[in-house]
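Participant: In the order they appear, the protein sequences are chains C, H and P. FYI, full-length UniProt numbering numbers position 468 of the first sequence as 468, with every residue one higher than the one before it. FYI, full-length UniProt numbering numbers position 96 of the second sequence as 96, with every residue one higher than the one before it. FYI, full-length UniProt numbering numbers position 99 of the third sequence as 99, with every residue one higher than the one before it.
Quick caveat, the hints were computed from the structure, so don't treat them as lab data. Warning: the hint list may mix true and false statements.
Distance ranges between label pairs, derived from CB positions [to be verified]: (1) C:Leu130 - H:Arg170: 28 to 38 Å; (2) P:Ser10 - H:Ile159: 50 to 60 Å; (3) P:Cys53 - C:Thr347: 25 to 35 Å; (4) H:Val162 - C:Phe486: 46 to 56 Å; (5) C:Leu27 - H:Arg91: 34 to 44 Å; (6) P:Gly19 - C:Gln18: 55 to 65 Å.
Stretches of chain H that chain C covers, calculated by requiring three or more beta carbons in the stretch to come under 8 Å of a beta carbon on chain C [as the list claims (entries may be wrong)]: (7) 13-20; (8) 38-49; (9) 158-169; (10) 202-209.
Don't be surprised by glycine CBs; every beta carbon is placed ideally from N, CA and C.
Next come the chains, spelled out residue by residue.
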Amino acid sequence: MTDVFVRDSPLRRSYLWQGGHTLRSWLLSTDHKRIALLYAASITLFFFLGAVAAALMRLTLIDPQGRLMSAETYNKTFTFHGVVMVWFFLIPSIPATLGNFLVPLMVGARDLAFPRLNLFSWYLYMVGGLFTIACLLLGGVDTGWTFYTPFSTMFSDSHVILAVVGVFVVGFSSILTGLNFIVTIHTMRAPGMHWYRLPLFIWGIYATSIVMMLATPVLAMTLCLIGLERLFGVGIFDPSLGGDPVLFQHFFWFYSHPAVYIMILPAMGVVSELICCGARRRIFGYRFMTWSLLGIAFIGFLVWGHHMFVAGQSMYASMAFSILSFIVAVPSAIKVFNWVSTLYRGTIDFHAPMLYALGFIGLFMLGGLTGLFLAAVALDVNLTDTYFVVAHFHYIMVGGSVMAYLGGIHFWWPKITGRLYSERMAQLAAVLMFIGFNLTFFPQYLLGYMGMPRRYHQYPPQFHALNVLSSIGAVVLAISYLMPLFYFARSLRSGASAGPNPWQAAGLEWMTSSPPPEHNFVETPVVTEGPYAYHEHEEQA
Amino acid sequence: MNAHLAEHFDDPPQQKEAAMLGMWAFIATEVLFFGVLLAAYIVCRWRFPAGFADGSRHTDLLLGSIETAVLLASGCIMAVGLREIQLAKQRSACLAIVITAALGVAFLVLHGMEYVDEYHEGLIPTVRYLQNGTDADSMEVFFCLYYVITGLHSLHVLIGVVLLLVIAERTRRGHFSPHYYTPLEIAGLYWSLVDIVWIFVYPGIYLAGHSA
Amino acid sequence: MNKPEQGIPSLASHLLAMGALWLLLLMSAATQWMPHSGWITVITTSIAVAQACIVLVVFMRLKSSSNLLRFVAIFSFCWPLLLVVFSLGDYMTRSPLRWPW
């Protein structure tokens with residue numbers, strides 16, 4: 001195997017070879033591309049840890065009695081699933097892997113602005129991850145990923161502190177990543193790359209980075225306060241000392257609602273790239289797309305109270321938050337319409353990344369529209385804390401972010417590794433994922449609408465059939481998640497050489513070799529046109 | 001001149017711009033960090049006006065005001081230090097930074113004296129809280145916030161002092177010149193941030209009571 | 001660096017700023033001898049804002065910074081107000097809950 005690598009000359013001129021090939025050369029590398037791969041490996045690990053927890057839950061729910069695990073274990077399982085998937089997979093997923101790899105390439109820079117800070121944030125991520133794993137090994141935490149007070153501060157006797165410290169630390173990792181991206185995008189663009197020539201992926205990462213920086217400190221401080229309440233009896237959220245648990249929810253959702261946009265905005269950026277290349281068209285309404293990204297990022301900060309309609313929030317606050325939640329749907333809808341308009345009269349190639357992107361549009365639309373149900377106060381009073389919420393959330397996060405993440409990985413895999421993968425296997429996995437996903441989560445909409453509450457391991461027998469259907473879907477979904485591991489591994493061993501631009505795609509990252517050299521470009525590129533110049537090239541040809 | 005230029009930047013101005021923007025973005029996150037506590041303070045004060053006024057009356061207005069004056073002066077001296085290095089006066093710049101750090105230590109000592117007094121008066125929730133009366137419970141909320149806010153701020157001062165001493169040592173060794181002084185400027189920004197946080201803590205903690 | 005003084009704020013501006021900060025501090029502390037009213041909070045908060053502006057403009061050199069940095073600075077100090085306004089708004093409009101006793 002080593003012989004193949006040695007003889008493979010594009011590889012020898014790439015970052016995979018030039019920076020050295022000891023473990024040390026990877027763990028101490030400040031090359032954004034290597035750090036991206038460190039992130040990719042670690043978030044994949046956490047993804048499968050979280051997926052095991054999800055599988056255990058679906059397995060328990062096959063049986064209405066939930067005999068597989070006790071109520072307490074079930075609580076710890078969904079908490080672990082939530083904590084790991086939100087903070088250790090979804091939030092770093094696209095920004096820390098694809099973003100890290102592509103931001104300097106796409107803006108035409110040699111690295112991120114602060115390479116050592118970038119490596120440091122990966123170590124922070126790992127330290128946070130170790131705390132979370134330690135928490136799991138010592139017996140887990142049962143508060144749900146939301147750590148609601150007063151349960152988390154007064155009643156829970158599980159390892160809340162360890163979990164909170166883990167999330168606190170990983171929060172700083174995401175703050176520093178966001179800071180790095182913002183500075184890079186502001187100060188390190190190549191000559192000619194002005195703001196309206198940036199690819200939408202960069203705009204998505206930029207909007208996400210802003211949200212990371214303006215939301216995550218609130219989470220960090222709030223988790224600090226939880227720790228202080230548990231350790232020293234500080235009474236800011238503790239009702240017996242005069243504090244108010246709802247204040248915790250205000251602070252928590254001030255972060256955690258925008259956190260949803262941290263997860264979806266870069267996904268929107270990825271999908272914009274994929275759609276344009278797959279349809280061979282310039283994006284429809286580029287400026288609307290950029291401003292709707294920023295609009296979502298901003299308005300997303302004004303809607304957090306829609307998580308608290310039944311928490312004792314004032315009626316007037318609920319009304320305001322409800323209206324603002326409807327407004328955030330407008331820029332989201334603009335994006336969907338623009339993607340669809342881009343497809344119109346395009347020369348659509350149904351390669352695997354495109355299939356993921358098309359799946360994203362459909363699932364994101366379903367998830368977004370059901371979000372409007374939940375934003376309406378009267379409906380939410382009925383639907384809150386049911387499986388309807390679970391389904392809505394997973395349509396956005398799994399159907400949206402994960403689909404886009406995988407689509408992006410497939411799209412840029414040849415650039416990252418310099419090799420091609422089995423296109424037919426990838427297409428099969430994409431289709432299977434779409435089917436499996438819907439099979440898993442659509443029944444949960446129905447269950448929630450029928451009134452099945454979330455976070456219970458037992459349920460009345462009338463919900464049995466739909467739960468079994470959902471668990472079957474989870475099996476299909478699991479297969480489609482495992483498939484890429486195999487064909488990507490095979491591509492690494494024996495994939496054909498990709499060449500610099502296997503998709504005939506536009507964008508600076510495709511102008512350098514695959515895999516790129518250590519400093520990305522042999523000479524700094526000069527940009528003379530906007531992104532997605534597919535149409536013009538074809539007309540000229 | 002190019003000894004300080006990292007290889008991924010094109011030229012020193014670009015590097016400087018990146019460093020400054022990065023620092024200001026970091027300041028934004030720090031402001032928000034304290035902003036949460038400010039929000040908690042405002043909400044709790046809205047709910048318990050009497051308890052907060054009482055609690056504020058138990059704090060030491062004179063010491064608090066002196067601390068504020070000390071911190072404000074230190075911010076000025078740090079800014080002067082930056083000016084000195086721009087004028088290529090390394091010795092006086094180094095001196096200014098050391099004085100700034102010393103004032104930071106003075107602040108910490110003064111605040112430690114307050115903590116000791118409060119311990120004797122029994123004002124520390126869960127550790128030693130000896131207050132009785134109608135507002136004792138809501139006053140406890142005030143003191144919880146007081147300790148979280150001032151504790152976190154003191155931690156920032158401590159970090160700042162260490163940072164300043166490192167910068168002072170680097171200045172003494174001649175690492176900085178009118179051509180390159182970014183770390184010094186960034187340390188100054190951090191120190192001013194600590195200043196500004198205290199500017200808002202002061203009226204909230206010491207001036208919420210009335211008619212001294 | 002032919003003209004070393006160019007673009008460097010003067011020593012006088014720093015000392016003036018410190019004098020103003022101390023004066024404002026004295027004014028702020030003096031409110032504690034005023035008769036009790038809600039205005040004290042308004043006055044002390046306004047003074048704090050003024051002091052913060054002086055530090056930002058003079059010591060943190062926003063006076064001579066780029067527009068981007070100015071925007072980031074102003075924005076970052078206004079941003080926590082969003083959290084304050086919305087959460088306080090909730091508390092101010094809640095229907096009062098009766099105490100359990």
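Participant: Establish whether the coverage given for the stretch 13-20 of chain H by chain C is satisfied; the threshold is a Cβ-Cβ distance below 8 Å, and no fewer than three residues must meet it.
Facilitator: holds (count 3)
Participant: Are three or more residues of the stretch 158-169 of chain H within 8 Å, CB to CB, of chain C?
Facilitator: violated (count 0)
Participant: 34 to 44 Å was suggested as the range; check whether the CB atoms of Leu27 (chain C) and Arg91 (chain H) agree with it.
Facilitator: holds (42 Å)
Participant: Can you confirm whether chain C covers the stretch 38-49 of chain H, using C-beta to C-beta distances below 8 Å and requiring at least three such residues?
Facilitator: The restraint on the stretch 38-49 of chain H holds, since 6 of its residues have a Cβ under 8 Å from chain C and three suffice.
Participant: Could you say whether the range 25 to 35 Å given as a hint is met by the Cβ separation of Cys53 (chain P) and Thr347 (chain C)?
Facilitator: violated (57 Å)
Participant: Please check whether the stretch 202-209 of chain H has three or more residues whose CB lies within less than 8 Å of a CB on chain C.
Facilitator: violated (count 0)
Participant: For Val162 (chain H) and Phe486 (chain C), compare the CB-CB distance with the range 46 to 56 Å and indicate the outcome.
Facilitator: Since Val162 (chain H) and Phe486 (chain C) have Cβ atoms about 51 Å apart, the given range 46 to 56 Å holds.
Participant: Given a hint of 55 to 65 Å, does the C-beta separation of Gly19 (chain P) and Gln18 (chain C) actually sit inside it?
Facilitator: holds (58 Å)
Participant: Note whether the CB distance of Ser10 (chain P) and Ile159 (chain H) lies within 50 to 60 Å or breaks it.
Facilitator: The hinted range 50 to 60 Å is violated for Ser10 (chain P) and Ile159 (chain H), with Cβ atoms some 30 Å apart.
Participant: Does the Cβ pair Leu130 (chain C), Arg170 (chain H) satisfy 28 to 38 Å?
Facilitator: Hint holds: Cβ distance 33 Å, inside 28 to 38 Å.
Checked against the numbered hints above, the structure breaks hints 2, 3, 9, 10 and satisfies the rest.
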